[in-house]
Amino acid sequence: MTVRMVAEWVGGSVEGDESLRLEGLAPVESAGPGQLTFAADARWAGRLARSRAGVALVGPGVQRPGMTLIRVASVPGAILALLERLAEPEDLPPRGVHPTAVLAPGASLGKDCAVGPHVVVGAGARVGEGCSLCAGVYLGPDVTVGDRTVLGPGVVVRARVTIGRNVRIGPNSVIGHDGFGYHFSGGVHRKVPHAGTVVIEDDVDLGACTCVDRAKFGSTVIAAGAKIDNLVQIAHNVQVGKGCLLAALAGVAGSAELGDFVVLGGHAGVRDNISVGRGVQASAFAAIAGDVREGEIIAGVPARPWKEEGRIVAATAKLPELLKKVRELEARIRSLESARHNP
Amino acid sequence: MTVRMVAEWVGGSVEGDESLRLEGLAPVESAGPGQLTFAADARWAGRLARSRAGVALVGPGVQRPGMTLIRVASVPGAILALLERLAEPEDLPPRGVHPTAVLAPGASLGKDCAVGPHVVVGAGARVGEGCSLCAGVYLGPDVTVGDRTVLGPGVVVRARVTIGRNVRIGPNSVIGHDGFGYHFSGGVHRKVPHAGTVVIEDDVDLGACTCVDRAKFGSTVIAAGAKIDNLVQIAHNVQVGKGCLLAALAGVAGSAELGDFVVLGGHAGVRDNISVGRGVQASAFAAIAGDVREGEIIAGVPARPWKEEGRIVAATAKLPELLKKVRELEARIRSLESARHNP
Amino acid sequence: MTVRMVAEWVGGSVEGDESLRLEGLAPVESAGPGQLTFAADARWAGRLARSRAGVALVGPGVQRPGMTLIRVASVPGAILALLERLAEPEDLPPRGVHPTAVLAPGASLGKDCAVGPHVVVGAGARVGEGCSLCAGVYLGPDVTVGDRTVLGPGVVVRARVTIGRNVRIGPNSVIGHDGFGYHFSGGVHRKVPHAGTVVIEDDVDLGACTCVDRAKFGSTVIAAGAKIDNLVQIAHNVQVGKGCLLAALAGVAGSAELGDFVVLGGHAGVRDNISVGRGVQASAFAAIAGDVREGEIIAGVPARPWKEEGRIVAATAKLPELLKKVRELEARIRSLESARHNP
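Keeping their order, the protein sequence lines are chains W, P and F.
Counted the way the numbering used here counts, the first sequence spans residues 940 to 1282.
Counted the way the numbering used here counts, the second sequence spans residues 940 to 1282.
Counted the way the numbering used here counts, the third sequence spans residues 940 to 1282.
With the rest of the complex left out, here is chain W (with noise of 0.2 angstroms):
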């Protein structure tokens, strides 16, 4: 690609020369002399200064004197623009049903479908248009797959599960798992059945090795254009609102509800039966351990209001110091009172 095709598909304008060849993006410490780089805002002109980058797409205001640069707008924006361009179509099997694959008599695909290697879809399952399942899928009986959706390789969704339209499922994630529940009886932990399922609503994406466990009754329920990545545990008779985001190895225990657009950050927990407000957004560790209004902002091991924890942690880093210095206080009002007693 060059200068003046990056500049074209950005929406931006050259400031040098246009026929420079590039050969990809790169962070701005990185970037060689054949490639990309970006620079946001001003901040970014030390750095940018010290590049050995060909090429710098630039936000309003950036300078960088004996490189060529493309200004745009939006930086971030021009980026998504770029790498629409250059992504490479996924790694999907072609339309049609593999050889290999295993399809129960009355399992049912849409038309344009793709079935890779060793896929397995059980009976009654009905899988919509243009789906993709990857090698070593397997479908259970009576799972619903809508239209368009791309189940990764070695994906497991077990029966009766529904998954919506422009769902994308990770490698390896498992779907419809009976929950971890156990009855105490008798001296051992008997199983509790899991008479539920699952229910993913449209353009949810999940990450690889993510599960998402069936519910005891009624459904585990993960709402429109919710995004999930890897390694996540979601338990039985959770609740996961539309679009929330939540990072990898975050868990969420049994018949907790998440509203909608709530953000969890990587390694967060939440406790089972709490409800986690609207937009409520938890950094990273996150040990949620109680309902939680709509909207705040929380972190922490337990998690608390951000602002109030962010004074906990700088207060704690006092506190050693704090220790000697009540003793020291207590000498002297010591002194005070021996004083007062013997003056």
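Some hints here could point you the wrong way.
One copy or any two copies: either way a pair holds, since identical chains are not told apart in the list.
Unchecked claim - Pairs of lysine-lysine residues, derived as DSS-like cross-links and limited to a Cα-Cα distance of at most 27 angstroms, are as follows:
#1 Lys1130 - Lys1181
#2 Lys1264 - Lys1050
#3 Lys1264 - Lys1246
#4 Lys1246 - Lys1257
#5 Lys1130 - Lys1257
#6 Lys1130 - Lys1050
It should be emphasised that the hints constitute simulated quantities derived from the structure, not laboratory data.
Please read all numbers here as calculations on a predicted model, not as lab measurements.
Assemble chains P and F onto chain W, guided by the hints.
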């Protein structure tokens, strides 16, 4: 199902219309007019009063004018009985060996086994009677599996692992991979060979995407009746006691020992080479960094006795205020000291 | 094996009966009369005295009257040598391509490769010499794999990823899935295309169910000799330095950089876009929220220098008592103030 049928299944008595038809079980807040809900005791009375449910399973003393009630001695017991009725049979392959399965010569299967598509069973593996190996299961050479054990789709069991009877392993879990052991020499991490194995005793359940590593020597052991959730890490040479419950995203490091009936909350971690006594209960995110005595209840990072941790968490909330208070006291002391010297 | 054989393998000298037969290695507490145990130095003398083991590998100066000893200069070195003898060959498919494997036209395999059942290799993939692709492995189009690399059962490697020589990837791990990147616009999370790839250099080990995401542009890199445990998350554009050790359930967020020989304990987390210097050691549960200088040892949520964190943890244990103490001091000050005004 009708109210009368449910009452019979759970051994309850009907107060209201026995002939009502029900379309499933739902929590008190979300149940609709055609659904059954539940209210264990008088603390639920307010929520039940506002519920739109058609019928409620209730414990002794719970009242709800205008709603048909099924009264039982124990609501959790009744729900368990009901779920046992409602749960559909698990999604398992039919008896027999699917033609796409690959069984090595010298592998043996007990009678009434169900082996799904694309299963691989290594040489010398011995599978008991009535076992289910779901689609894509991999059993390495010389693995032993006891009677009536169920391995979910995509489960990997590497060579020489021993699995007991009535064990259930969730999809895409991995048993018997080499542990994480290296010896640093000559500037590189040399892999420590893992000459040991894994023993999973009878009646153990493991969730999905859970990993149990092979021992360096001897065995990593999951003792009888232990129940382990999704995405849990059990490192080499760990000993998990009988009837332990380990929630999702918990991890137990090398050679740690958990006594019988230990409970680990989600995201809890156990340090290597320590001993956690029988019946210890660790809350979510407990970072267990040293030996714990039998029966302790612990919480926190690092984990401490639960009551102590509660006091510390409450106290840290007051810490920013305490810092101010101590500064104020110091000023008052200074003022007293100055008054003493300049009366 | 006999005592004499073990002594020869580990380069030790026998004090006692060379002809004893041994049935494996076990820790000092659990070893039985037919087993070999070990005691590195004099600190183990008490436990060794109580041990029922038949024979012990011991370091200089360790005594145990009545037990046959194999004396060596370094007990860990001797155990390593012994495990290298005892470990059975790894569970890998035999050389050749299993008839159920599906190799796309244009995929190339070097000589002496072993390709197990149900493996899928995409078009343009190039696999080096002596590689093992275990059952159910998926290699996407244009993946490159270096010589003598071992991919465990169920490993998924998506298109265009590059894997070096002598790499080992554990079962059900996922390499090269799109990272977790969204752009919020028009009320929905739009997926950011991932035009980059993953590069895994020589001699890297990844555990089971571990995820390494594809870069937005350029590459996510796991540098030579890094060792990563089970259930670890490596996000898009992360750079993991040479010889790093990352324990189970750790997570590294987008574009973070780990210098060479960084160690992350279990459940540790690294924030996005930060830099962790060479040789940093982070304890279990360390929540690394900002840049860390070379060689630091850190711990805590949020992570701080280890010694400081230790002082803070010790101090917080005294915090409830400190609150009482400060209230008491305030009363004493009030009493002094009152005495001053009413002498």
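Results of checking the hints against the structure:
1. Lys1130 - Lys1181: between (31 angstroms within a copy, 15 angstroms between copies)
2. Lys1264 - Lys1050: neither (76 angstroms within a copy, 72 angstroms between copies)
3. Lys1264 - Lys1246: Both: 26 angstroms inside a copy, 20 angstroms across copies.
4. Lys1246 - Lys1257: Classified as both: same-chain Cα gap 17 angstroms, cross-chain 14 angstroms, threshold 27 angstroms.
5. Lys1130 - Lys1257: neither (49 angstroms within a copy, 43 angstroms between copies)
6. Lys1130 - Lys1050: between (40 angstroms within a copy, 25 angstroms between copies)
In this structure, the hints that do not hold are numbers 2, 5, in rising order.
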